[in-house]
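There are 2 protein chains.
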Amino acid sequence: MTNPPSVSRGRRPAQGAPVIDRAFALLTAFNETRRAMTLAELSRVTDTPPSTTLRLARRLLHLGALERDADGRFVVGLRLWEVASLAPRAHGLRTVALPFMEDLYEATHQHVLFAVLDGMEALLVERLSAREAIDVLYRVGGRLPLHSTGVGLVLLAHAAPDFQEAYLAQPLVHEPEGVPLSSAALRRALAEVRRNGIAVVNRQEPRPLLAAAAPVRGADGDVVAALSVVVPAGHTESRFISPALRATARALSRGLGAPVSAALPPGRFPDRP
Amino acid sequence: MTNPPSVSRGRRPAQGAPVIDRAFALLTAFNETRRAMTLAELSRVTDTPPSTTLRLARRLLHLGALERDADGRFVVGLRLWEVASLAPRAHGLRTVALPFMEDLYEATHQHVLFAVLDGMEALLVERLSAREAIDVLYRVGGRLPLHSTGVGLVLLAHAAPDFQEAYLAQPLVHEPEGVPLSSAALRRALAEVRRNGIAVVNRQEPRPLLAAAAPVRGADGDVVAALSVVVPAGHTESRFISPALRATARALSRGLGAPVSAALPPGRFPDRP
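Chains Y and P, in that order, give the protein sequences.
Under the UniProt record's numbering, the first sequence has 72 at position 72, and the numbering climbs by one with no breaks.
Under the UniProt record's numbering, the second sequence has 204 at position 204, and the numbering climbs by one with no breaks.
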């Protein structure tokens, strides 16, 4: 068999893999640039014979995990989304977070992001954006690099030490600028995030912006997510962003049942009335 | 084999059903009141032997479609949510809708709902809600009855005639009040929704509220979703809600590529400058 370039993020099942793996490979073949595929495309992308692809796709259509669009191409189905809306680390957290995100959104009218750690990346669980807001690179359900985004730095700074070391051991590059990042520089940045309680990132690409991010803690006091505000560089409200972000992340942590002391940024005194 | 009461919405696969169906049955066994299950619970709810359940659940864990929570129970996984975020009729529509929903939210600071038709119900794809807003019964990913909600009436009023007739042929009850609804009364209500371009629903349960909903059209001019604002009865802004809702639903329809004429409520003249 010919092996086309690996296109499904290394998840192509081996020949003879269980049928569940093959079915899941069909679903995970969809991505942001491949939201609709013909049978031939699905077969090619998953490196599965057309007859097998057809049989699996029919089953998934029947179950509602796939649908056909107006052009007859396969797309991810509403029924799959309905099931997935019960994922505690996505919609569960998001349901608690959304009203707090609204508060933050009203203060800036730009972007408010909410992300969790998944594998070696941050997964964007929610984003509130004004229509007139600056462009950002990330969509809900999309992945962000840990080392060059506000939410990523917060999640990495509070991840398990072993995980941090494994991450720091890789060659790292700031995208889209293509600037290499040394592990020493990232180590210093992570220490600063832990010390300050928030991460602040200034980016020039795709356009000048300021991103600030704060940790969100769960009932056991561990960081479960990161909350971020992204505004254009020089935004008039930027000096208010950090205090508003800190306050909202703490309120949200309390909403998730975090003990008050854990919800405090490290190195800060408890509030006084 | 004993057959427990059908608990997974009639989707329990027959003995000997394809393994994909069995795996999907495990996923769809989760619902709003069963967000986390032990292996024994999963086995019981899906009427699948524990050994088979364990084998399937392990595969789904490996793929990230399931995860284990802090108590070791199975929950829907983040990876499934990531794939499902590509569903065009859920997140796809929602991505376009969200900024328009924000605009409406700022006018009312209560609830803004966005729903699509799925089967005989409306599926709530997005909801923006203020922390201090009145209680509503519905969550994102949850289902709403077509005959007793604003979004439901809009979707039903613009559904295919055969579908409407099939729906009208059922015995219908307003929930949670338990008041029967005649097919003649519903038929009149649907005609009024089509004539007015919006649906207005006054409910007393769970508390007095006013819901207004308007159709959202796609590129082919068909109604693809419904947008709604829910406020407490007597809300000071209620007289502004209908015009704001109409304008936003039209702007959103244009954003989805709807032809301008189709985006107009039926029976209305085009805007004049």
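Derived from the structure by calculation, the hints contain no laboratory data.
No residue lacks a Cβ here, since even glycine has one placed at the ideal position from N, Cα and C.
Take the hints with a grain of salt, since some may be wrong.
Claimed, not checked - If the Cβ cut is set under 8 Å, some of the chain Y residues that face chain P in the computed set are:
1) Pro18
2) Thr28
3) Asp47
4) Pro49
5) Ser51
6) Leu61
7) Leu63
8) Leu78
9) Arg89
10) Asp118
11) Met120
12) Val179
13) Ser183
14) Leu186
Stated by the list, open to error - Covered stretches of chain P (in silico footprint by chain Y; criterion: 3 or more residues with CB under 8 Å from a CB of chain Y, positions within the stretch not fixed):
15) 18-29
16) 38-46
17) 55-63
18) 83-89
19) 182-196
20) 241-247
Requested in this report: Hint by hint, work out which the structure violates, then give me just those numbers in ascending order.
Outcome: 3, 4, 5, 6, 11, 12, 13, 14, 16, 19, 20
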